[in-house]
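Keeping their order, the protein sequence lines are chains A and B. The first sequence lines up with residues 5 to 362 when you count with the working numbering. The second sequence lines up with residues 2 to 284 when you count with the working numbering.
Check before you lean on any hint, since a few could be wrong.
[To be verified] SDA-like mimics (lysine to any residue), calculated; alpha carbons at most 25 angstroms apart, straight line: (1) K170(A) to G231(B); (2) K238(A) to N128(B); (3) K351(A) to V50(B); (4) K81(A) to E38(B); (5) K238(A) to R127(B); (6) K238(A) to G231(B); (7) K81(A) to F223(B); (8) K278(A) to F35(B); (9) K358(A) to I49(B); (10) K118(A) to Q108(A).
[To be verified] On the chain A side, residues computed to face chain B include the following (Cβ under 8 angstroms): (11) T78; (12) V79; (13) A80; (14) Q105; (15) D226; (16) L230; (17) L360.
These are computed hints drawn from the structure, not numbers from a lab. Note that the Cβ used here is the ideal one computed from N, Cα and C, for glycine as well.
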Amino acid sequence: MSGRSTGRFGRRRVLGSLAGASVALPYFWTRRAEAAQQLTVRTPGGAYDEVKRATVYEPFQKATGIEIVPVAATVAKLLAMHRSGQMEVDLIDTGDDVLLQLDQAGALEPLDLKKFKRTNPDDIEATVKHKAFVGSFNYAMLMGYHTAAYPKGKEPKSWAEFWDIKAFPGPRTLADMASGAPDLEFALLADGVAMDKLYPLDIPRAFKSLSRVRPAITKFWDTGALSAQMLADKEVVLAALWSTRLGVAIDKGAPLGAQWNQNAVLGQAYGIPKGSKASEAAFTFIDFSLSPEIQAAWLKAYKAIPVNQKAYPATSPELMDPDTKVPWTKSKGYVRDIVWWSENRTKVNAAWSKWLAQ
Amino acid sequence: MTRTTTAIWRDPGILIVPAIAFLVLGFAVPLALFFVETLREIGSFADIVDEAVTTISSRAVVNAMFTTNWIALLVTLLTLFAGYPIAYVLANSDRLRFTLILFCIIVPYFTSVIVRTYSWMVLLGRNGIINQLLLGSGLVDHPIALLYNKLGIVIGMTYVLLPYMILTLYAAMKAIDPSFLRAAHALGASRTYAFLHVYLPLSAHGVLSGCLIVFILAIGFFITPALMGGPSDVMIAMLIERSVEITLDWPSAAIMSLLLLAVTLVLYAVYYRVTDVRRMMGT
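Excised from the complex, chain A in its bound form (with noise of 0.2 angstroms):
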């Protein structure tokens, strides 16, 4: 570079700058001051903050004063901050899977639900109810299909069907190890066991039956954004995803559909880690937000499940069965047990990565 060119960033411009960062600093150490007024939250960001910005946080803080600070962090991350004894969030929004390993390690506070003020803990759905977290919603782990190549009806309406890959062809997805947890109790479905019996899981027999699907599989998905827009983009026909990403696709004109049946009830849910700085703000943040009025806002927005069960009337009619007027997590679904994922996950694991180099 030429020493012309220098002169551009020189010493005048460096000046300035460091003049203004001193003019900007005192406003960042206010804010850090004026801490008590913020919760700092982890949540799955993108588009699930943009909706619960609208229809939880700015109510929240209309109510309160309290302004939520949603930041990312994965679990791994988390646990990290524990470990260290440096908590850096004061909330914690995530699966109810990661909290249940949360709370193994022994990160977080225990939450006495009658201290509700807005909230009756009593019709908090009971699943979702434990000794550090409570969820926040219930979403399906279901059958979704490209209306192109399954015209309504027409598409597989149990496992064992969607196993068939000679009576319903086409290429299909399902969940890789990657996300959490692959379908093994799909597998199971397929193969004949009663949604009753499933756990505790027989991986050995799980991983046979996925063994018959495989040649119709073009990928295992990661991440729930890569599934909806595998099934959007007609890559695959046929795929075992998230209700909740199905049902905002289909809100936006994909054509798509919802089959319900054999679905596996997923929850999201709260936890306040050990070491939170505002754990006071982030109870009345959960009291608040599983109120029905809250619930029934927001979860219209997200197509999900309330937990609130007197959020029910409320809720997309397209998430309820209309046969029993229930979700159709209650009337087709079974519970995912999370503690047997958790005491199982690195054997599935193994038996995963050794399945994929058969």
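Dock chain B against chain A, hints included.
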């Protein structure tokens, strides 16, 4: 101030101290701490060796290392064959053409890898543009598999890593004195002969450094193979990520990372020996 201290402050080498300090404090120390802490979890030294042997000789890791090296090798060769002519043109162009070509190389280089990978997925899919063109022109009667297999990974990674190869080759070619070629022509060498016997050998160290840098980057790749690969195309970085994030098995993640780090450092040592860093910087 004495004369000697003034001399130290005047040495331009002092300018690199903040960068080195940043690297040591922000990278080397945390990395070492991570390995020490995590490996200590396993137990005694004998336990660590035992665990390392079990992990590294497991079928998953052996397969992943094989896939990783094979893909990295293919990508390196493809970037070399695609990059050499481009670098040659770049090194022998006038100002306008040079700027134009450089612009085309640099702009994608600054675009996010995720965005570029998703764009390739749109192009290569079963219903993607390329397959639609092939089907429409009647060249094939059903879509060909360009995505979710090794071919997809190799296409995606070759594209992402091409700029590294071109820029390294360019640096080497720029240092070749054009009068050598003129001398060869004057002595009766044909264009091909002069290229093969004068230009190519002079650019060989650039070829070697380019290949090494691309190979080093390729063996640690994660996003592109994770998105574009098929079910059994598991590279070592994907296994490490799964151990860290899904099974929370940090000791085996640490062992796999150490393995990857060791391979990378060995390659880097070779790179350091064959590459004259000063010449690359053009000083």
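Which hint numbers doesn't this structure obey?
-> Checked against the structure, no hint fails, so every one of them is satisfied.
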